[in-house]
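Student: Model the full assembly from the supplied sequences, consistent with the hints where possible.
For reference, the chains in residue letters:
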Amino acid sequence: MNRIEKKFEELRQKREKAFVAYITAGHPSPDYFEDIMLALDEAGVDIVEVGIPFSDPVGDGPVIQEASYRSLQCGTNPTKVLNWVSNIRKKTEIPILLFTYFNPILAQGIPSFLKTSAQSGADGILCVDLPVEEAGTYKLEAEKNGLATVFLIAPNTPEERIKLITQKSSGFVYYVSRLGVTGEKDTIANDLAISVDRIKKYTQLPVLVGFGISRPEHATFVATVSDGVIVGSAFVRDLNEHAGSSQWTTHFIQYVKSLVDATKKVKVSTE
Amino acid sequence: MNILLENLFTEQKTPYPDDKGRYGEFGGRFVPETLFVALEELEQVFRSAREDSEFQKTFQYYAHTYIGRPTPLFHARRLSEHLGGAQIYFKREDLAHTGAHKINNALGQCLLTQRMGKMRVIAETGAGQHGVATATACALLGLECCIYMGTEDMERQRLNVFRMKLLGAQVIGVDSGSKTLKDAINEALRDWSLNIKNTHYVLGTVHGPHPFPWICREFQKIIGIEARKQILEQAKRLPNLLVACVGGGSNAIGLFYEFLKDKDIEMVGVEAGGKSLVPGMHAARFAGGSFGMLHGSQSYVLQDEFGQIGNTHSVSAGLDYASVGPEHAWLYKSGRVKYTYAMDDEALEAFQLCARLEGIIPALESSHAIAYVIKEAPQRNSDQIILVNLSGRGDKDVEHASKFIELEV
Numbered sequence: 001m002n003r004i005e006k007k008f009e010e011l012r013q014k015r016e017k018a019f020v021a022y023i024t025a026g027h028p029s030p031d032y033f034e035d036i037m038l039a040l041d042e043a044g045v046d047i048v049e050v051g052i053p054f055s056d057p058v059g060d061g062p063v064i065q066e067a068s069y070r071s072l073q074c075g076t077n078p079t080k081v082l083n084w085v086s087n088i089r090k091k092t093e094i095p096i097l098l099f100t101y102f103n104p105i106l107a108q109g110i111p112s113f114l115k116t117s118a119q120s121g122a123d124g125i126l127c128v129d130l131p132v133e134e135a136g137t138y139k140l141e142a143e144k145n146g147l148a149t150v151f152l153i154a155p156n157t158p159e160e161r162i163k164l165i166t167q168k169s170s171g172f173v174y175y176v177s178r179l180g181v182t183g184e185k186d187t188i189a190n191d192l193a194i195s196v197d198r199i200k201k202y203t204q205l206p207v208l209v210g211f212g213i214s215r216p217e218h219a220t221f222v223a224t225v226s227d228g229v230i231v232g233s234a235f236v237r238d239l240n241e242h243a244g245s246s247q248w249t250t251h252f253i254q255y256v257k258s259l260v261d262a263t264k265k266v267k268v269s270t271e
Numbered sequence: 001m002n003i004l005l006e007n008l009f010t011e012q013k014t015p016y017p018d019d020k021g022r023y024g025e026f027g028g029r030f031v032p033e034t035l036f037v038a039l040e041e042l043e044q045v046f047r048s049a050r051e052d053s054e055f056q057k058t059f060q061y062y063a064h065t066y067i068g069r070p071t072p073l074f075h076a077r078r079l080s081e082h083l084g085g086a087q088i089y090f091k092r093e094d095l096a097h098t099g100a101h102k103i104n105n106a107l108g109q110c111l112l113t114q115r116m117g118k119m120r121v122i123a124e125t126g127a128g129q130h131g132v133a134t135a136t137a138c139a140l141l142g143l144e145c146c147i148y149m150g151t152e153d154m155e156r157q158r159l160n161v162f163r164m165k166l167l168g169a170q171v172i173g174v175d176s177g178s179k180t181l182k183d184a185i186n187e188a189l190r191d192w193s194l195n196i197k198n199t200h201y202v203l204g205t206v207h208g209p210h211p212f213p214w215i216c217r218e219f220q221k222i223i224g225i226e227a228r229k230q231i232l233e234q235a236k237r238l239p240n241l242l243v244a245c246v247g248g249g250s251n252a253i254g255l256f257y258e259f260l261k262d263k264d265i266e267m268v269g270v271e272a273g274g275k276s277l278v279p280g281m282h283a284a285r286f287a288g289g290s291f292g293m294l295h296g297s298q299s300y301v302l303q304d305e306f307g308q309i310g311n312t313h314s315v316s317a318g319l320d321y322a323s324v325g326p327e328h329a330w331l332y333k334s335g336r337v338k339y340t341y342a343m344d345d346e347a348l349e350a351f352q353l354c355a356r357l358e359g360i361i362p363a364l365e366s367s368h369a370i371a372y373v374i375k376e377a378p379q380r381n382s383d384q385i386i387l388v389n390l391s392g393r394g395d396k397d398v399e400h401a402s403k404f405i406e407l408e409v
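For the record, the sequence lines run as chains P and X. Its first residue numbered 1, the first sequence is counted upward by one per residue in my numbering. Its first residue numbered 1, the second sequence is counted upward by one per residue in my numbering.
Be aware that one or more of the hints could be misleading.
Here are a few chain P residues that sit away from chain X, every Cβ distance over 10 Å (derived from the structure) [to be verified]: (1) Arg161; (2) Ile194; (3) Ser245; (4) Lys265; (5) Ser269.
In silico DSS-like pairs for lysine-lysine, Cα to Cα no more than 25 Å straight-line [said to hold, decoys possible]: (6) X:Lys57 / X:Lys20; (7) X:Lys263 / P:Lys139; (8) P:Lys163 / X:Lys20; (9) P:Lys257 / P:Lys91; (10) P:Lys90 / P:Lys115; (11) P:Lys168 / P:Lys200; (12) P:Lys168 / X:Lys20; (13) X:Lys197 / P:Lys163; (14) X:Lys197 / X:Lys263; (15) X:Lys57 / X:Lys229; (16) P:Lys200 / P:Lys257; (17) X:Lys229 / X:Lys333.
Partial list, derived from the structure: chain P residues whose beta carbon lies under 7 Å from chain X [unchecked claim]: (18) Pro78; (19) Asn103; (20) Pro104; (21) Ala107; (22) Ile110; (23) Val128; (24) Asp129; (25) Val132; (26) Leu152; (27) Asn156; (28) Glu159; (29) Leu179; (30) Gly180; (31) Thr203.
In short, the hints are calculated from the structure, not lab data. These figures come from a predicted structure and were not determined experimentally. Just so you know, even glycine gets a beta-carbon here, dropped at the ideal spot from N, CA and C.
Tutor: Below, the structure written as structure tokens:
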């Protein structure tokens with residue numbers, strides 16, 4: 001059982017909802033990676049999604065696009081990111097899910113990329129532009145190396161595809177709460193409960209919801225109807241504005257914690 | 001001669017693409033989940049459309065009465081004589097409405113948009129030719145049109161920006177990344193993933209996720225179907241060599257596809273060699289690229305060792321792209337088609353020579369194909385025939401080209 005699966009087992013016992021935070025590795029500067037990871041750990045985040053920046057992130061909105069660009073300008077590459085991950089492993093056991101596009105994986109070779117990912121201490125991988133239909137070798141190599149494979153399900157995914165995607169998923173299932181790309185929105189789709197139940201018909205895995213969550217009240221609402229909450233762009237934006245200023249880690253921990261607490265106050269019902 | 005009344009979408013003569021949109025190891029459908037379902041829907045709609053005689057009739061009606069098809073095949077006698085070798089024929093796609101072959105695909109896909117019951121069309125554009133073609137088809141069919149264009153390209157092609165606006169399209173400048181074609185595609189894909197319920201993305205070339213490379217080829221292969229008949233009528237024989245420039249590769253596939261069955265006919269695709277083959281200075285994907293995946297399709301890609309997409313350069317915006325259509329990648333690997341490149345200055349020379357000798361100002365894109373012909377024709381006997389796709393007219397490039405040519409006059 002890897003750290004992601006262990007974490008969900010632990011949450012089940014504590015009857016807690018999960019909180020996942022996304023950051024773009026190397027943003028706003030590679031110097032902050034360790035501080036950010038430790039801050040997320042301290043704020044009570046359950047799993048960190050570490051984004052490997054890509055030059056052409058078609059699945060991301062302007063905030064993560066800009067963060068990826070800035071990180072690449074600093075010379076970030078997948079090898080460096082995996083080095084940072086293995087360094088952070090000496091300080092924390094927080095489960096790490098790598099978030100990437102497919103071309104960096106292809107460039108290194110699928111088996112090699114997944115092997116070095118696992119060796120660095122990462123626990124799972126999410127490749128945003130790799131549909132399950134094309135994920136044969138990827139899935140096989142991930143399993144061989146003990147990495148969880150997280151796939152996305154969208155509001156327009158039909159039922160037969162939900163079945164297929166959940167079969168290929170491990171760790172958890174990532175439900176994208178709306179159409180479009182990553183980024184914050186003022187409202188969260190109100191038919192979320194129905195969508196989550198539609199997925200749960202096909203899998204025992206936890207179903208987490210992301211895309212567009214930036215406020216505590218969003219987190220509470222999403223946690224009520226699903227197994228957990230994923231927040232990304234909002235943190236990246238916060239780091240854009242504050243990283244490096246005095247007391248920024250304290251401020252960042254407070255902000256993350258407000259969303260973690262809003263998630264954790266929702267308890268799993270006993271039925 | 002009315003080629004158009006025949007069945008255009010006959011059954012494929014090659015087994016490609018397969019049902020996963022693969023051309024050998026190339027192609028495929030690598031997109032975020034939201035787009036996946038839209039692409040499946042598009043594939044189904046196109047499958048039913050190409051078998052529907054009403055749809056074919058509509059497409060052929062507009063191709064004939066609006067685009068002006070069939071476009072002529074022209075024997076470029078003075079250029080042939082000047083080069084002193086093979087006889088050169090131009091397939092005059094520059095005479096198609098809006099001045100390039102792009103309208104074939106744009107109109108076809110806008111008709112598909114109507115068939116899907118969608119009212120809004122988005123498209124990317126580099127040189128502006130596909131943007132103009134799409135804006136034109138949208139005006140014709142009464143569809144809302146939104147064109148994404150890199151701000152760098154908007155600067156290079158101001159006249160086309162004006163044309164698109166004149167045609168009622170909204171032009172959205174893309175200021176991210178390299179501010180060129182690939183960034184415009186990124187932005188169009190983002191728009192599409194948000195608005196798939198009412199919007200169709202008219203991708204402009206034989207690239208992108210399946211079924212785009214296939215749909216675009218099906219709408220462009222009329223070029224080769226016409227050219228084959230025309231050369232048989234005019235020269236009473238088939239050509240020895242076909243030449244076309246290759247950006248994404250739609251005009252080249254359009255010409256080549258119908259001739260693939262003729263095993264003796266050589267084919268050459270000409271990429272942009274830019275200023276030099278140093279990374280970032282060219283767009284020669286076969287000479288300088290490697291296996292990768294960009295914009296939903298596996299193919300040859302200009303990239304660094306970590307899979308980050310490289311910057312490109314070409315004097316012609318339409319060839320300035322980091323990847324190439326998957327069917328070309330397959331034709332390259334199988335050896336059926338040869339690929340080479342022409343440098344910026346060679347293309348500019350061809351641009352001038354063609355204007356002076358034939359009274360035809362070719363697009364800078366098509367000038368790359370002519371630049372190759374200038375080198376190749378003298379090597380061949382005068383009983384040989386080279387058929388070149390003159391894919392677009394050069395009026396749009398006159399202002400840009402004057403910056404370079406001025407120095408030599």
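Student: Each hint needs a verdict: does it hold in this structure or not?
Tutor: The hints, checked one at a time:
Its closest Cβ contact with chain X, about 7 Å, brings arginine 161 of chain P to no more than 10 Å, contrary to its assignment away from the interface. Consistency note on isoleucine 194 of chain P: stated as away from chain X, and its beta-carbon is indeed over 10 Å from all of that chain's, at 18 Å minimum. Against chain X, the non-interface label of serine 245 of chain P holds: every CB pair exceeds 10 Å, the least being about 26 Å. Consistency note on lysine 265 of chain P: stated as away from chain X, and its beta-carbon is indeed over 10 Å from all of that chain's, at 30 Å minimum.
With a minimum CB-CB distance of about 29 Å to chain X, serine 269 of chain P clears the 10 Å threshold, and the non-interface call stands. Between lysine 57 of chain X and lysine 20 of chain X, the direct Cα distance comes to roughly 29 Å. Violation of the 25 Å bound is thereby established for this hinted pair. Simply put, lysine 263 of chain X and lysine 139 of chain P have alpha-carbon atoms about 41 Å apart, too far for the 25 Å limit, and the pair is violated. For a cut-off of 25 Å, the pair hint linking lysine 163 of chain P to lysine 20 of chain X stands: about 19 Å separates their Cα positions.
Under the criterion of a C-alpha separation no larger than 25 Å, the hint pairing lysine 257 of chain P with lysine 91 of chain P is consistent with the structure, at around 20 Å. This hinted pair checks out: lysine 90 of chain P and lysine 115 of chain P have alpha carbons roughly 19 Å apart, not beyond 25 Å. A distance of roughly 14 Å separates the Cα atoms of lysine 168 of chain P and lysine 200 of chain P; the hinted pair therefore holds under the 25 Å criterion. A distance of roughly 18 Å separates the Cα atoms of lysine 168 of chain P and lysine 20 of chain X; the hinted pair therefore holds under the 25 Å criterion.
A hinted pair counts as satisfied when its Cα atoms are at most 25 Å apart, and lysine 197 of chain X with lysine 163 of chain P qualifies at roughly 23 Å. Simply put, lysine 197 of chain X and lysine 263 of chain X have alpha-carbon atoms about 44 Å apart, too far for the 25 Å limit, and the pair is violated. Taking the CA atoms of lysine 57 of chain X and lysine 229 of chain X, the gap is about 20 Å. The hint holds against a cut of 25 Å. A threshold of 25 Å between alpha carbons decides the hint, and for lysine 200 of chain P with lysine 257 of chain P the separation of about 28 Å lies outside it, so the pair is violated.
As the CA atoms of lysine 229 of chain X and lysine 333 of chain X are separated by approximately 29 Å, the hinted pair breaks the 25 Å bound. Because the beta carbon of proline 78 of chain P sits about 6 Å from the nearest beta carbon in chain X, less than 7 Å, this interface hint is met. Against a cut-off of 7 Å between C-beta atoms, the interface hint on asparagine 103 of chain P holds, since the closest Cβ of chain X lies about 4 Å away. Annotation: interface hint on proline 104 of chain P holds; nearest CB of chain X at approximately 4 Å, less than 7 Å.
Taken as an interface hint, alanine 107 of chain P checks out: its beta carbon lies about 3 Å from the nearest beta carbon of chain X, inside 7 Å. With 7 Å as the threshold, the beta carbon of isoleucine 110 of chain P stays out of range of chain X, its nearest partner Cβ sitting at about 12 Å, so the hint is violated. A cut of 7 Å between beta carbons decides the hint on valine 128 of chain P: the least distance to chain X is about 5 Å, and the hint holds. Because the closest C-beta pair between aspartate 129 of chain P and chain X is about 5 Å apart, less than 7 Å, the hint holds.
Using the Cβ-Cβ criterion of 7 Å, the hint placing valine 132 of chain P at the interface with chain X is not satisfied: the shortest such distance is roughly 9 Å. Annotation: leucine 152 of chain P was flagged as interfacial toward chain X, and the flag holds, the nearest CB pair being 4 Å apart, inside 7 Å. Hint status for asparagine 156 of chain P: holds, given a least beta-carbon distance of 5 Å to chain X, under 7 Å. The interface hint given for glutamate 159 of chain P is violated, since its Cβ lies 12 Å from the closest Cβ of chain X, which is over the 7 Å cut-off.
Proximity of leucine 179 of chain P to chain X holds as hinted, the smallest CB-CB distance being about 5 Å (cut-off 7 Å). Look at glycine 180 of chain P: its Cβ gets to within about 3 Å of chain X, closer than 7 Å, so that hint holds up. The closest approach between the C-beta of threonine 203 of chain P and any C-beta of chain X is roughly 16 Å, which is over the 7 Å cut-off, so the hint fails.
When the structure is compared with the earlier hints, violations turn up for hints 1, 6, 7, 14, 16, 17, 22, 25, 28, 31 and for no others.
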